[in-house]
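*Asks:* Residues 1 to 548 in my numbering are what the sequence shown spells out, letter by letter.
Just so you know, the hints here were simulated from the structure itself, not pulled from any lab data.
Mixed in with the good hints, there may be bad ones.
Computed list of lysine-lysine pairs in DSBU-like fashion (alpha-carbon distance at most 35 Å, straight line) [stated by the list, open to error]:
hint: 1; residue 1: Lys197; residue 2: Lys146
hint: 2; residue 1: Lys227; residue 2: Lys425
hint: 3; residue 1: Lys116; residue 2: Lys97
hint: 4; residue 1: Lys251; residue 2: Lys317
hint: 5; residue 1: Lys251; residue 2: Lys227
hint: 6; residue 1: Lys116; residue 2: Lys512
hint: 7; residue 1: Lys248; residue 2: Lys197
hint: 8; residue 1: Lys146; residue 2: Lys227
hint: 9; residue 1: Lys262; residue 2: Lys374
hint: 10; residue 1: Lys248; residue 2: Lys49
hint: 11; residue 1: Lys425; residue 2: Lys49
hint: 12; residue 1: Lys262; residue 2: Lys116
hint: 13; residue 1: Lys197; residue 2: Lys49
hint: 14; residue 1: Lys197; residue 2: Lys38
hint: 15; residue 1: Lys512; residue 2: Lys532
hint: 16; residue 1: Lys229; residue 2: Lys146
hint: 17; residue 1: Lys230; residue 2: Lys248
hint: 18; residue 1: Lys254; residue 2: Lys227
hint: 19; residue 1: Lys417; residue 2: Lys38
hint: 20; residue 1: Lys104; residue 2: Lys45
hint: 21; residue 1: Lys248; residue 2: Lys374
hint: 22; residue 1: Lys104; residue 2: Lys262
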Amino acid sequence: MSDGNVDTHTDLDIPWLVFPFEHLQNMMTWRPQYRSSKFRHVFGKAATKENCYDGVPITRSVHDNHFCAVNPRFIAVITECAGGGAFLVLSVHHTGKVDPLHPKVSGHRGNVLDIKWNPFNDFCIASCSEDSTVKVWDIPPHGVLKNLTVPWKELQGHSRRVGLIEWHPTANNVLFSTGYDYQVMIWNLDSPEAVIKNPVRTISHHTDVVLSMSFNTDGSRLATSCKDKKIRVLEPRTGNLLQEANCKNHKASKVLFLGNLKMLLSTGSSRWNHRQMALWDQEDLDVPLLQEDLDGSSGVLFPFYDPDTHMLYIAGKGDGNIRYYEISSEKPYLHFLTEYRSHTPQKGMGIMPKRGLDVSSCEVFRFYKLVTIKALIEPLSMIVPRRSESYQDDIYPMTAASAAAMSAEEWLSGINKGPVLQSLKPGSRVPDSYPELSSGLGSKGLGNSLGTRRSQSRPGQLQLAYIQDQLGNKECRSKTSVSNGQDPTLCSPPKTENEVWGGFDLRLKFHKQQEEIRRLREMLNQRDVRIKQLELEINNVRNSQGSH
């Protein structure tokens with residue numbers, strides 16, 4: 001300080017010092033935008049050699065199908081055989097070396113191209129073949145102990161080989177098939193004939209071979225991909241064409257509905273023959289919402305979607321790896337998680353329904369890889385790492401049960417119903433299936449509920465036991481008789497064989513009352529389930545906000 005000239009400037013007045021300080025403040029208020037996800041660390045765990053299925057003569061067919069179908073009881077795989085077509089049905093617990101002389105299901109005259117288990121009956125499987133037929137088989141409760149050659153139903157309508165079959169996701173005994181005659185046919189298996197020659201409807205919009213079929217959640221929409229490079233969305237009951245995509249930059253081979261997200265996913269190839277997937281708005285197929293190139297390989301990409309976790313799995317034919325993503329309803333829609341890598345290439349894949357998973361190990365998905373070079377079927381579990389061994393409600397929402405929501409007749413009359421839901425929590429009650437008595441006492445439900453039709457030498461006792469088994473609920477075992485003015489919840493089913501066959505009209509009235517009661521109870525249960533789902537979503541949003 002000199003001559004009274006005081007320097008009044010401080011460090012903060014100097015511009016080159018002010019800027020870094022303000023910049024530092026901005027950096028302190030910035031937060032990284034991480035996306036909250038319970039499935040970020042999902043990993044794949046392959047089964048040990050003793051838990052695989054070894055020595056299986058897997059088919060050498062070049063068709064781009066899965067060749068494998070799985071349910072909680074059985075695994076079925078299409079096999080290589082001389083003269084006609086066959087597939088193998090094993091218990092899921094029958095791991096290890098498979099007997100090369102193990103009995104097969106071998107009723108087709110040509111190679112089997114596709115197999116699918118009935119989602120509502122673990123002992124019923126459909127198959128289609130180059131012999132232009134579709135056959136539906138009853139599998140005995142203890143498995144196939146001798147060669148099975150006589151089907152329960154044979155469907156004859158296609159003029160050329162049949163390449164794909166799909167069961168309706170909510171209606172009982174409704175089967176879709178498509179073949180090299182370019183037709184999609186709908187079959188009602190409640191028909192009494194053993195050989196059905198007339199489908200209930202034929203859809204003729206396709207100009208080439210249909211490569212894949214997929215239903216939305218309630219089965220009111222059917223999406224198809226076709227060799228003519230078009231994706232179509234159809235109303236399956238009427239066959240009306242609702243949407244059609246003809247994207248020159250994307251040649252689709254497989255298409256999939258993404259649950260209730262109102263979106264479609266297709267896999268295929270780009271104009272430059274790169275493997276590619278595309279996301280579409282199901283109400284507007286003019287332009288894809290998203291296109292993503294994956295690699296330059298040539299194998300078909302099989303997409304698998306889990307609507308409970310919103311996870312998408314992409315497995316390439318001939319690849320050893322499986323990519324998996326999370327799907328959201330908002331941009332950017334697709335979130336890559338990670339990739340399972342393996343040195344063994346897969347020819348096809350089977351998928352275990354959610355009700356067959358091991359919830360104690362936090363398993364959220366299970367593949368069955370067909371490894372042709374080793375004649376091996378290798379289970380692959382996708383697991384969410386959790387330390388707790390207790391049941392994890394947040395990763396197991398209510399899921400589709402093995403119960404049909406309605407009969408084939410109801411669906412064909414124009415009714416749509418979502419799937420019957422169940423909890424995977426151990427000890428939870430499995431929902432009852434929709435009553436099937438309306439299709440007659442010789443219906444499919446009769447034979448399956450009592451372990452196939454082996455007891456038909458005593459038809460009266462069999463049918464009586466079926467009625468008592470299906471309708472003998474605890475709430476309905478009152479001994480009071482049926483009357484028009486009585487509360488239907490107090491009704492009891494006919495107890496003796498004379499009552500059953502003598503009072504046929506009375507029995508039908510009783511069944512109608514019970515169906516109405518069950519329908520109302522199901523509506524209440526569905527609303528309770530929806531409330532729980534909304535509560536869980538609210539908690540997830542709060543948790544994600546709290547983490548920021």
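*Asks:* None of the hints should be skipped; say for each whether it holds.
*Replies:* Status of the hints after comparison with the structure:
1. Between Lys197 and Lys146 the alpha-carbon distance is near 28 Å, which keeps this suggested pair within the 35 Å criterion.
2. For the suggested pair Lys227 and Lys425, the alpha carbons sit about 43 Å apart, so the restraint of at most 35 Å is broken.
3. The hinted pair formed by Lys116 and Lys97 meets the criterion: a straight-line CA distance of about 24 Å does not exceed 35 Å.
4. The hinted pair formed by Lys251 and Lys317 meets the criterion: a straight-line CA distance of about 17 Å does not exceed 35 Å.
5. Proximity of Lys251 to Lys227 is assessed by CA-CA distance (about 9 Å); at most 35 Å being required, the pair is judged to hold.
6. A threshold of 35 Å between alpha carbons decides the hint, and for Lys116 with Lys512 the separation of about 32 Å falls inside it, so the pair holds.
7. Proximity of Lys248 to Lys197 is assessed by CA-CA distance (about 39 Å); at most 35 Å being required, the pair is judged violated.
8. The straight-line distance between the Cα atoms of Lys146 and Lys227 is roughly 39 Å, outside the 35 Å bound, and the hint therefore fails.
9. Annotation: proposed proximity of Lys262 to Lys374 is violated, straight-line Cα distance about 40 Å (limit 35 Å).
10. Under the criterion of a C-alpha separation no larger than 35 Å, the hint pairing Lys248 with Lys49 is inconsistent with the structure, at around 45 Å.
11. Among the hinted pairs, Lys425 with Lys49 is consistent with the structure: their alpha-carbon atoms are about 29 Å apart, no more than 35 Å.
12. Taking the CA atoms of Lys262 and Lys116, the gap is near 25 Å; set against the 35 Å cutoff, the hint holds.
13. The hinted pair formed by Lys197 and Lys49 fails the criterion: a straight-line CA distance of about 45 Å is larger than 35 Å.
14. A hinted pair counts as satisfied when its Cα atoms are at most 35 Å apart, and Lys197 with Lys38 does not qualify at roughly 50 Å.
15. Taking the CA atoms of Lys512 and Lys532, the gap is near 30 Å; set against the 35 Å cutoff, the hint holds.
16. Proposed proximity of Lys229 and Lys146 is contradicted: the alpha carbons are some 43 Å apart, above 35 Å.
17. Using a Cα cut-off of 35 Å, the hinted pair Lys230 and Lys248 holds, with the two alpha carbons roughly 9 Å apart.
18. For the hint linking Lys254 to Lys227, the alpha-carbon distance of about 10 Å falls within 35 Å, and the restraint holds.
19. This hinted pair checks out: Lys417 and Lys38 have alpha carbons roughly 30 Å apart, not beyond 35 Å.
20. This hinted pair checks out: Lys104 and Lys45 have alpha carbons roughly 30 Å apart, not beyond 35 Å.
21. Distance check on the hinted pair: Lys248 and Lys374 sit about 39 Å apart at the alpha-carbon level, beyond 35 Å; violated.
22. Restraint check for Lys104 and Lys262: not satisfied, since their Cα atoms lie roughly 40 Å apart, outside the 35 Å limit.
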